[in-house]
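Participant: Residues per chain are reported as follows:
There are 2 protein chains.
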Amino acid sequence: MQIPVDTTANSSTVIGFTPYKTALFPLSVSCDANTINVTWDNGDTSLFHYIWLRDNCQCAKCVSTLTREQLFEICDVPLSIKATKAWINAQRRIMIEWDFDQHISEYFPGWLQAHCYSDSARLKRQFKPQTWNSSDIETRLPQYQYNDVIWNDNTLLSWLKDLRSFGISLIENVDTTPDTVAKVAERISFIRQTNFGRLFDVKAKPNANSAAYTTLRLPLHTDLPTRELQPGLQFLHCLVNDATGGESILVDGFKIAEHIRQHQPQAYLALTQYPLSFYNKDADSDYRFDGPVIATNSRGAITEIRMANFLRGPLAIAPEQVMDLYAGYQLFIELTRDSRFQFLHRLSAGELIVFDNRRVLHSRNAFDLKQGARHLQGCYVDTDELTSRIRVLERAL
Amino acid sequence: MQIPVDTTANSSTVIGFTPYKTALFPLSVSCDANTINVTWDNGDTSLFHYIWLRDNCQCAKCVSTLTREQLFEICDVPLSIKATKAWINAQRRIMIEWDFDQHISEYFPGWLQAHCYSDSARLKRQFKPQTWNSSDIETRLPQYQYNDVIWNDNTLLSWLKDLRSFGISLIENVDTTPDTVAKVAERISFIRQTNFGRLFDVKAKPNANSAAYTTLRLPLHTDLPTRELQPGLQFLHCLVNDATGGESILVDGFKIAEHIRQHQPQAYLALTQYPLSFYNKDADSDYRFDGPVIATNSRGAITEIRMANFLRGPLAIAPEQVMDLYAGYQLFIELTRDSRFQFLHRLSAGELIVFDNRRVLHSRNAFDLKQGARHLQGCYVDTDELTSRIRVLERAL
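Here the protein sequences line up with chains L and A, keeping their order. Whatever position you read off the first sequence (first residue = 1), add 18 for this note's numbering. Whatever position you read off the second sequence (first residue = 1), add 18 for this note's numbering.
What the hints contain is simulated information worked out from the structure, not anything from laboratory work. Since we're looking at a predicted model, the values are computed, not measured. Take the hints with a grain of salt, since some may be wrong.
If several chains are the same, the list does not tell them apart, and a pair holds so long as it fits within one copy or across any two.
[To be verified] DSBU-like cross-link-like pairs, simulated, lysine-lysine; straight-line CA separation at most 30 Å:
id, residue 1, residue 2
1, Lys-79, Lys-388
2, Lys-179, Lys-201
3, Lys-223, Lys-79
4, Lys-388, Lys-179
The shape of chain L in the complex, shown without the other chains (with noise of 0.2 Å):
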């Protein structure tokens, strides 16, 4: 077996790129009818599946050295395969032998903390976002600067996880060279294509295929609630701010989520379980959605908002639900359009505000190009570039 050995007992070990830390140490092993039983030198005990530890051997033969890709395929081995024997290393590893075949594996006491599956310890490990309210954003807004985020990872993985736990961040001193939106969105990853194209440009058009370019005021929404996978993050770079009025409000759908859950059970069901429809036609496209208004996970916490009022389409549920289903929806609106909620911020030439779009719904006021022009530049990139980066970054740490 060709595993990565760490010769000294409190380094990381490497699997796959990830170094594990050691903080614990195995002190016992028993093996149960399907389990193994580790006790941890702190008391602590983890319990893990035979067939769990069989799929996950980390050795050369089950795991590609060149891809990092499983070789072992889980029909080579009966669902009741068993140890018959596990003991603790010299290393102080944890070995088994197995009954099959009598391959034997080898587990990282790091690693085996950091993949336990009991309860409480994925209870642990879910994110939890951080929400807002206009108070809260207005002293706790993370602010970076464009050269930090830029040349320093450092500053690049901390405006991340910020940017994932808080949803929104403002970068300020931006180069206002037009496609500059792109460089900062490529410090994390490749730009999400749309129909509306790599970049976008947010300023009045003529022959406006969006409401976003014209000069009207926009009500608070996500964009593109019309695709199947909305985009993640959404960047908005100012180049130009002249003009009067068009000042940014954003809101965090999720902290009005949270107020519907605590305050109105019978519409936070609605919004929950039965879904909008959403339209975008256009001369050579037509998209359509159906989703709820709040998305939630099988452990019921709010992972998603998708709104946009003027991107709907004809309801197309159970009648015996349309009705709860406005209710709601116009509940939500509602608290979109109280001040409580809203986060203000005229952009000026040189900021870039950066926000989750699946989570924080966004709009401006009106505004009057007879002061000047207003231009901004735009492009999305999606939440697995966003949590892949802070992976690739957090193996540095």
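Add chain A to chain L, keeping to what the hints say.
Facilitator: Quick look at chain A alone, frame taken from chain L:
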């Protein structure tokens, strides 16, 4: 009100680019507490809520004639809005005068029928895929010619509808110049970029970062289950295939899921309710996603398959679910290996296979380069683009 007017009784009415054909005309309308009931001239009836009708007024005050986006906001009227008057006008359209603001709305019969939301109407509009096993697809594989797909919009529509229905198709006599695959993909829309680039070259490479780029056999899988949204359509264009072996194998994952639903309800429950973990770690990326092997929608219909044994991470589910999920997972993999479900095809130069990557699992046998080279070029286009293109092409019918 500036509504497009149909002057002949049976013409289509174009609303936001989409024509709505008039099959039935209203005989009578009656008003209830929350709804209007329409009786059509074939005896059918439809029910529409007042708030739904007010929300869907298509007049120029309510919908922008420039962007086709809704200007009306649902908070601007009370949930209890009612008709003071409802009638059928001389052009056989349904007219409503509202109690709240004396606004008058006009509804086209074809549009109302297309958006009727009774249980039976919604059921009728539901997409029903044509699933297949080995013998089904041997005789019914949708086959198209490159020149027809490129130059003929009717063929394009027919190909895309087959692709949506069967999840698979073969295009023949494709120019073997590199990047031709993009020409075919762009008949639908823009290409979905991933961490493997815009186009990817499937051939054996040194320092492969995926098993796809070796000569190894691949187990049946969907691509990029490590991402929240798996790419929709996958294009694989064969430029050269002089190697020995390397036969392509494709399996309809929906057929296997249906089989499990019928015969193994406990496994079906685990595969639909408990997520697998998918990981893909490279030097500069670290993608992870937890999702079930079989995704279903709120009506219980099978909507997506997510599966690549070689891209899995450690299961992170409740301990009491572990054995059930492994049992279901083993069963699913065993069925993908069953020749009854497999479509085998050795791609020749000039052939392009296109399939629904979120439904049809694919793999290839190992190959040997002693006899010659093997080079496929591939790309992805998302499902949103497929359905949008079908709708746009259908406007012309």
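Participant: Now tell me, hint by hint, if it's right for this structure.
Facilitator: For each hint, the structure was consulted:
| no. | hint | verdict |
| --- | --- | --- |
| 1 | Lys-79 / Lys-388 | between (70 Å within a copy, 25 Å between copies) |
| 2 | Lys-179 / Lys-201 | within (19 Å within a copy, 40 Å between copies) |
| 3 | Lys-223 / Lys-79 | between (60 Å within a copy, 21 Å between copies) |
| 4 | Lys-388 / Lys-179 | neither (40 Å within a copy, 50 Å between copies) |
Of the numbered hints given earlier, the model fails hint 4 alone.
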